Structures are given as structure tokens and as C-alpha cells.
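Using the sequences provided together with the hints, build the complete structure.
Residue strings, one per chain:
There are 2 protein chains.
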Amino acid sequence: MPPTGLTAGTPLATLNHLAARLRILSVRSTTEAGSGHPTSCCSAADIVAVLFFSVMRFNPKNPKHPNNDRFVLSKGHAAPLLYAAWAEAGAFNPDDLLRLRTLESDLEGHPTPRLNFVDVATGSLGQGLNAGIGLALNARLDQSNYRTYVLMGDGESMEGSIWEAAEIARHLKLDNLCAIVDVNRQGQSDPTILQHDMEAYRARWSAFGWNALVVDGHDTAALLNAFEQAGQTKGKPTVLLARTLKGKGISFAEDKPDWHGKAFKKGEEADKALAELSARLLPSPPKVEIRLPDPPAKAPAAARPVAPPEYQPSDSVATREAFGATLVKLGEANPKVVALDADVKNSTFTDKFGKKFPDRFFETFIAEQNMIGAGVGLASQGKIPFVATFAAFLTRAYDFIRMAAISKTNLKLMGSHVGVSIGEDGPSQMGLEDLAMMAAQPGVAVLYPSDAVCTHWLTALAADHQGMVYIRTGRPKTPILYKNDEQFTIGGSKVLRESAKDKLTVVAAGVTLFEALKAHDELAKQGIAIRVVDLYSIVPIDRATLLASARATNNLMLTVEDHYAHGGIGDAVTAAVNADGVKVHKMAVTEIPHSGKPDQLLDRYGLSARHIVEKVKKLIS
Amino acid sequence: MPPTGLTAGTPLATLNHLAARLRILSVRSTTEAGSGHPTSCCSAADIVAVLFFSVMRFNPKNPKHPNNDRFVLSKGHAAPLLYAAWAEAGAFNPDDLLRLRTLESDLEGHPTPRLNFVDVATGSLGQGLNAGIGLALNARLDQSNYRTYVLMGDGESMEGSIWEAAEIARHLKLDNLCAIVDVNRQGQSDPTILQHDMEAYRARWSAFGWNALVVDGHDTAALLNAFEQAGQTKGKPTVLLARTLKGKGISFAEDKPDWHGKAFKKGEEADKALAELSARLLPSPPKVEIRLPDPPAKAPAAARPVAPPEYQPSDSVATREAFGATLVKLGEANPKVVALDADVKNSTFTDKFGKKFPDRFFETFIAEQNMIGAGVGLASQGKIPFVATFAAFLTRAYDFIRMAAISKTNLKLMGSHVGVSIGEDGPSQMGLEDLAMMAAQPGVAVLYPSDAVCTHWLTALAADHQGMVYIRTGRPKTPILYKNDEQFTIGGSKVLRESAKDKLTVVAAGVTLFEALKAHDELAKQGIAIRVVDLYSIVPIDRATLLASARATNNLMLTVEDHYAHGGIGDAVTAAVNADGVKVHKMAVTEIPHSGKPDQLLDRYGLSARHIVEKVKKLIS
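Chains as they are written, first to last, in our numbering: chain A, 1421 to 2041; chain B, 1421 to 2041.
For the record, the hints were derived by calculation from the structure and aren't laboratory data. Because the structure is a prediction, the values reported are computed rather than measured. Treat each hint with caution, since some may be false.
It does not matter which identical chain is used: a pair holds within one copy or between any two.
[Claimed, not checked] Straight-line alpha carbon distances no greater than 20 angstroms define the calculated SDA-like cross-link-like pairs of lysine to any residue that follow:
no., residue 1, residue 2
1, Lys1656, Leu1614
2, Lys1828, Ile2012
3, Lys1654, Pro1715
4, Lys1656, Asn1513
5, Lys1718, Lys2038
6, Lys2003, Arg1963
7, Lys2017, Ser1525
8, Lys1828, Glu2011
9, Lys2017, Ser1455
What follows is the structure, given as C-alpha cells:
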């Protein structure tokens, strides 16, 4: 019998009954849907039953309770099991499970936060533990005693992001974090790489500094014991390595290779499975009591307005540096603001925030996927996390960013060192596809300030904005364009140069905006007037101003950007005004760039004032 | 004294002299450039000296020799050290090193294959070992005895991609692969997470099944011994965990935290560093002999033309399935074609290739970054690797794809299960940003076949094309559009419906092309003629046909795509014809989609024939 200090005294017979119920509901719902992963649910049903009905403390009627223990289903394809557990716990009517995977129900194929009991979307494997780190850090920040459980599959143990999380969780001594690996040994197309070599799993997790417990994942008493040990282990996270069988409880599918991702067919097949599972139910349904969480502590202090910037007109400041300065002010104004770094804090200037607010700053080392995943976890609990690295290295975490967009997260991303204007370090360090990848995701605001004042206000607006925001910053110092009290909006733009005689509108942001301003002056000397627009918000885009500018300049526009040609400013502007008959010409980077001096490269790749002057003259002739 | 069976008998004094030379050249070149990472070169100089001048067999005058031992500098910021080693070995004049990081020299800030001795671009950390797996597999395929050495940093050991590689290399028993971790304990902004805890490193690598040797990275005798052991170890890869000091040999920088990424200033600072390093040189330069590789074996059989497809007009075939069928034919026609999978081979249909050509098929499990990295390594040695997974999961490897583009690799990517038309699995499994991310990269051909015949020919063309190719495929079965002998080209398109009275051109590909054809028929019933173009090549794009179609249809176009609105077909078409005064309207997915039935979802997100009909009528009214 298990000890009961940290777990409820739920009888094992009840837990086994509940595990059978979860299997039955998983089979029923997937059979009704005609698709899904019932066998992946069956391997983990005992683990989930023990967690939900004896180990975890949570209020099923209030999944957002701040002191609820958190559960992340990293193996998102076992969604029906998750749904069954919440339904069985009383969160909603189990009959709703039969609408699984339909357009009419938010019980989707993989879990998303459209459901109030899902903190982060899963379904792309190997992301749950990273989010779990964010959840565990949040408990520490809030001095809450909630614990975080992450259920992973064995197949996804191959994803490197899990080992990023393993190393960081050990380093952060997250003893409020407990991972479970459902080692059912069957992948989608083949047995998993380690199959049932439980000692190999133990060796890996132990070597990464975890309390690693090998357990029979179908033995509820053993599981209770292991969770008890996990709760008592201090100074390190615990992982339960649970040996299981895929399709457990269904004789013709159990441990069989050909049953991945297949619903049992209605009729004989499903009936046989359900009959076998039902044989494990108690004659009459047992009473189940969920252990409730502690009442919430007092709410954190409200946010104050952020202090305005204090730049001088003669200053020259890199936008990445202005971002760092504002982040400190945001930290002072809003206790929910936190920041994460991947060992570039002295390049993105988040080090200033880290020095001022060490408790709210997390050095997560060179592991960008984990940084984003942890940020998403923190955001799911009401924090406002800023994650910053070179824009080029955000590509490393694009799947995490994609899933963050599906989660409709409140994460704020900053990508620095964009474009060829970084110079000598060469193409591997140049962010040249960041606008394409960020703007593609629905619901992400994409901002690109050119001077320090604009950076300040956009960073402040980002914190207040509900939803994901991307801020693009540059490496070189740039002049001040705006007064400290200039007004900016997400979705706005600024017309910096205009006259009644303008022949064409140049749209730019970042270093190319300054090239456009130089071109404006050079063209003015030659008697040619152009309009210049600072497009500091790419998504949403200020269509009205763009269109008005185009109308005033012969419906002729030229975009100039330190970004590859596809998916950047040029395409965003074109998409906004093309259908109104405006002709938009693009200047952008069209080949893999070379190392060199920033000004040399801007010129080599056709983005310098000289090239803009030439292009304008050609277009208006 | 080291054994000399596998290494040259180069005296230790000579190796120490050469290590000093490499340090001196690294300092000189970075000082002249005014930027770079000399201290990161100094920590690894002894390792590189031992490798290049005693362990490795290669022809410095012929870096492409097929039997050369391969060296990958995963810590790409130590590029000056790599360049110094090749110069010192005789590949080029050491004076050229003083043009480091200039636009005039290919000795860039981080290594790229613009240099003939660089197989794969590095500089985004944690990618070298993945490429190394490809190099080691290539040796096995070609029955060559060359060995692959990958020099990594300790900071990058945090990147999960390294642990993906570690697991796979063990599984594949790659004893011809040797990794070296330069554990200099200093990161960019902080000490590394494990600093000099060499036992922690040993525990992790041993647990992952490697022969893990802890060694003093500045002791040339110890290094020789360790490389000797590595060469004698069978059945598993070896890692040398080399304890080093950053800035080794320069007293004022050695093991100091503030010297990351800083060149020594010309004058007193650099002079002092160079004086200290020069003191370690032998009085007169020793004679160095590089060990040459075995002569090349005979070339593989030449490729034959691929067999044509044999589809019936009445067939209904998913494009992913047609891809798999063609891959088998390609395997028969061309011995250089290989394929890699990440446990979805029964969904992408690469399992057919795997069954037919088990030696040329690599199951690399659920680790997409490693799959792409290994593919890049194979491609660098002349193989034609096809890597296939769900398009959504290619986002996982976007940094690897970005670096592959910088390498100008000959990799072929297939992304399946695109768009909302996958149905019930929901948004986490839907590739909806793949066109944006692939088309952003210069030099990538982006193809999107709609039927099995087109898929066949585009897959065959992809194999012949020099450069990276992306093929987008769908989950649902689709009808046959073309005769088996139809001609396709990369950069082409097909006008499927046209008449003299067409009011508008609809451009589509994939499932939406069939919706467009349905809309065409429905509109025809209502007396409205439209043109329909199959845009099977997004990059390069068939501007001439698009423009001609637009000209014939009132300069009015409508794009319809199962992809997010930014960076997809609509933007590509608009960018191609907008400046010619064509108005392009877009229909695409504009929000995070929901689970549901494929047809329901196409309708819900505005991509069905019904919506196209409505839109066309609105646009032409």
C-alpha cells in the first residue's frame, strides 16, 4: 500500500476502476470520431488516473485556480485521455466526449487552450516539459505550493528540446516539477529507439541530474509510491519512467505495432475492446473526491504606467539597447513582467533587467526552444514574459513559436541583430527571414522600430497588448527620429517626409529607413520630392496611411528592407494596397549575404541611399 | 608518449609549436579584422593542431578528396582557427588570413562552403554533430575508411539538437565518428551551465552510450592518446571531453569572463598577446607532413532516367503517396538518392523506399533537426538526400533549413499534411506556414503539386536540380489532372481552364485547385467564365504565364491557398505581377484553425468552391 501523506487515500480498487473508465471513454470518443489515438491513451490511463484522482490537488470546477496543480499532456495525441480525466473529475459532462474532433466541440484532436483546463497547446511532440519549466518557475515566483506534472511519450524523448529542459530544470533545482515518461515502446512507424530498455532511460535522466524512478506504469500502487517519493524529493526534479504497454487492456491491440493512431471500428471491433475494458470496472461506481488546492493568495500589485524615455535629439542608440533600457522601466512599472535569456543578454541588453530584477530574470543558456517553451508556460499563468535573442536564432524555435500562436500566448519576443547590417559576423548571424516567419502566424503583432524613442514606446505597448508580439531590433546605433512624447500605436506608421509634389512613397523601417531619408535629401537636391513612411508596425499594418500616401504619389511605392525579399515589408505593403491599384516595388536582400562591413553590405545588397536614389529615378521616369 | 599506430609520429614539440602558430594566426587575423573570437580559438588550438597535423588523413591541396577525413567546426565562431589550420597545412597562403571578415575574402566571420574545405556552414550553434552523422553515414555507404571529427563548444552542448545526434549516433553504431567538446567553461554572457564539471559531461555522454574520454585539452600527448583510443573503439562513437581554458596562452585573457568575442586591439594589447604566444614557437619551423588519404575508389554507377508514372485518369491518389511511389523509382534510377525519416514514414510513404533500399534509408526517429542536419552532411558528399515529414514539423528544424540554405546544400525536403484539409487532427498538425518559411530562403525551389502525375515529375525534377528543393504535399486523395507524359518544369505553371471570355484568373495549387475547378464549373453554369492556373511552382514563379493570364482577364487575379495569408501563394503571385498593374486578391487561412472534417474546414476557413464562386462574382461585379 502506498503512503498517503502527499496523495489522497483513494483505494487502489477505485483508481483501477477509474483507469478503466478513462480507457473506455477514450475508446468510445475516438470510435465515435472515427479517428484518434486510443492505444496511446490506454498506455497512460493508470498514470493519469493516479494523478487526477489521488495525487493532484485542483479544483475541477475552476481549472484556472492559481494554486491548482498543473498537468501538461506533452504527448498531445492522447488528448481523449486528458478530456476523459477532466470530465470524470467533474469539469464537464462526459457525454460531450462523443463530440471529440468535431467542428462543434473544442475537444480537438490535440489539446489547445480553447479549453479552459489546457494551459498550453500540445501536439507537436517534445514541447510539454519546456512549458512545465515555465509553470514550475511561476509557482516559485508566486510562492505557490502547486506542483507541475508533465506526461511525455517515449517517442518524443528523441526531441532535443526535452534534454534542453532536463538540463535547465536540474540547474534551476525545480523540485516542484515532475515528469512522467509513458514508455510504451511503440512509435508511429516502428518500435521506439530504446523500446523497453528502462535502464537506458534511467541512465540518461540520472546523468542529467534528475531523481529518476523506474516504475510499472500499470501498477497504481507503485505509481502512488513513486509520486510520493517525487513530492518528498528536494533540490531536484523527478521523472517517473513508466514501463507501459500501448493499447493496455485491449488484448488484440496491446503491445501490437500496427495500432498507432487508429480508432477502433464501430461494431464488433470497438465492442470487443469495450467489453474487455468494462470487465475491469467495479460493480458500482465508487465515490471520488478530488483534493482541492489552497485558497489563492492576494493578487500582485497593479501595473503603473511606464516611465517615458529621456533621449536627446543628438543621441545615437541601437534599438536593441533601447529595448533593454525600456525593459528595466517595464520591470519597475509591472511586477508581472519577467525576462528570459539564452546567453546573449549582453547583446540584447536584457542583462540590465537581470541585474535589477534577478528574481524575475531567467538565464536559460543556449537553448532557444526551451526558452520560448518556458516563456509560454509563464505566460499561461498571467506573467508577461519577454524572450530575447538574435532574430536568426529564433528560427531555432519556430515550432515552439508556431505552437505558441496556437496557444494564443501572451509572450513577447525580441529578435536582435537583423539583416546584413550586422556586418562581419556573416550570414549565420543575420536575421533575414524573421518577418516572414513571424507575420505568417495569425495573431502575432510584428513591430520594427527604427529609433530609440519608437523602440521604447513599442516595447511598452507590447507589454500591454494581449497576445504575442514580435519586436525586431538592429545591431548598429541609429539616430533619434522622434521626440520623447511622440505617440505610437500597434498598427500605426509615421509619415516622416512629405510635400505636395511627392512623386513616389518610400516605405522602410530599421536601418533602411535612414537610407531612405538620405535618399530623400539627395533627391531633393536634384529637384525630386519623395514621401518617406516609417512602417514601424508590419502586422497590423496601417493600410489607411499607406493608401493615402500612395494616392498622393501617383499610386507608386517603393519598399526597402534589410530582410529577404519574400515575406517581409515589401510583401506586407503590397498585400495591403495592391488590390487598390497601387504599384509597389521592392528592394530587399535576394541572395545569401557575405561577411563585410555593415555599410559595405548595405550597398552590396542594394539597400543603400545610392541604390534608392537610382531606383526612384528609374521608377518615376 | 602516445602510441603511433593510428596517428602520425609527429613529435609533441612540433605539435605544440603548431598549436602556438594557430593561436598566433588567429590573434593576428582577428586583430586585423577588428572583430572575431580569438579566445575561443585559443582554447581549441591544441586539439586542432593534434587533429590536423597528426591524427587526420587528408589532402590539403584537394579538400574535396572523397577519402579525406572530415572536420566540422561546430563552434563556428572559432573560424579563424579553422582557417589557420588549413593555411598552415598548405591549402592556401597564410597571408590571406589577414583579409578575414572582409567582403573581398571568403574567410568569413563563420565558415561557409564558399570555401572548398568547408563541407557545411556553421555559426548557429549545435548543428555540427548532426552534419557529422551525415558525413559518417556517407563513409559507411561508400565503404570509405575516412573518419569524421566534429569540434563542439561547451556552451552549445545545451542545444537539444546535440542530444538528438548523440542518441542517433549511438543507435547507428557510428564508430567512424569522433566528437570533441572544447570545455572552456566561459559562455558569451556568463560561465557555462556545467563550467568545468568534467564528470557531469562524462556522465551525460556515457549515459547516451558513447565512449566518453575526459582529457586535458592542452596536453597534446593526452589528446593523441585519446584520438588513438577513439580510432580503436568499435561499435560506438567516441567523444573527447577536453578541459580547456578560453584564451589559453595569453595571460591577461586566459580563463577570464570578459573576453568573449573580442579581438585584441592593435598595438600594445595585441603585441603583448602575440609576444606571449610566440615564446612557445620552436626556434626554427619544424617540417610537417600531412598524412594523405587512400586513393579514391571507383565512381558509383551513373543515374538513369526515372521511369514514368502509370496512373489511370480515374485514379484518386494523395500527393504524399505519389511522392513515395516516385521516390522508389528514383532509388532505382540513381544510386545517389538516399532518404531519411523521423518516424512518419508510413504517413509520408518513404517507407516504400526504405523497404526497397534499406541501406540507403535512415530511420532517425522523432528528431527533425537531426534529420535535416544529417541530410545536409550527406548532401555535402554528393548524395541526394530526401527528407520527409509533416510540413508542420519542418518548422522544428527551421534554423537547420536556414543554415542549409547558407550551405547551398543539395537537400530535398518534402512536407506533407499541409493545411486545414488534414481535418480532425487540428492545428498542431497542419502545415500552414511552410511556404512562407521555405520561400523566404534564397535559392530554395518551392514546389506544390496537385495531382499524382505532377508530383511524380516534380519529385524527379527535384532530384536532378542542383540546390535545395521543397515539395509540399497534401493528406487527402485528389483526382488525376494530367496525362502521364505531361511536361513540367521547375518554374512552370499550367493553365487548366481558359476561354476568350474569361473575366478573372484564379491561381491555386493543392486541394484549393480542385475547389477552383469546381468553382469554374459552377460559374460556367451561371454564364461566368474564369481562367484557372495550377501554380505548381511557387519559387521560381512563372511570371510570364501569370502576367499573360492577368492581361487576358482584365488584370484581375484571385489566389486561393490552404496556407496562412502571409508569405504564401497569394503574396508570391502579387509580388510577381503587382508592379505591372495587376490586382491580386487573396483567399487564405487567416486565423488559427480548429479540428473538424476536411471539407467542413475548407468551407469554414473560406477556401471552398462556394466561397470562390461568391468572391469571383463580387470581384467582377
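- Copy assignment of Lys2003 with Arg1963, given that the CA separation must stay at most 20 angstroms: Classified as both: same-chain Cα gap 14 angstroms, cross-chain 16 angstroms, threshold 20 angstroms.
- Message: Treating 20 angstroms as the Cα threshold, decide for Lys1828 and Glu2011: within, between, both or neither.
- Response: For Lys1828 and Glu2011, the Cα distance is within 20 angstroms only across copies (11 angstroms; inside one copy 34 angstroms).
- Message: Within, between, both or neither: how does the pair Lys2017, Ser1455 come out at a Cα-Cα threshold of 20 angstroms?
- Response: between (56 angstroms within a copy, 11 angstroms between copies)
- Alpha-carbon proximity context of Lys1718 and Lys2038, limit 20 angstroms: neither (65 angstroms within a copy, 56 angstroms between copies)
- Item | Copy assignment of Lys2017 with Ser1525, given that the CA separation must stay at most 20 angstroms | Answer is between; shortest inter-copy Cα gap is 12 angstroms, intra-copy 56 angstroms.
- Message: Within a copy, between copies, both or neither: which one fits Lys1654 and Pro1715 at a CA-CA cutoff of 20 angstroms?
- Response: Neither way: Lys1654 and Pro1715 sit 24 angstroms apart in one copy and 60 angstroms across, limit 20 angstroms.
- Homo-oligomer pair classification [Ile2012, Lys1828; C-alpha up to 20 angstroms]: between (33 angstroms within a copy, 9 angstroms between copies)
- Intra- versus inter-subunit Cα pairing at 20 angstroms for Lys1656 with Leu1614: Between. Shortest inter-copy distance 16 angstroms satisfies the 20 angstroms Cα cut-off; intra-copy 25 angstroms does not.
- Should Lys1656 paired with Asn1513 be assigned to within, between, both, or neither, using CA atoms and 20 angstroms as the limit? The answer is neither: 38 angstroms in one copy and 54 angstroms across copies each exceed 20 angstroms.
In this structure, the earlier hints numbered 3, 4, 5 are contradicted, and the remaining ones agree with it.
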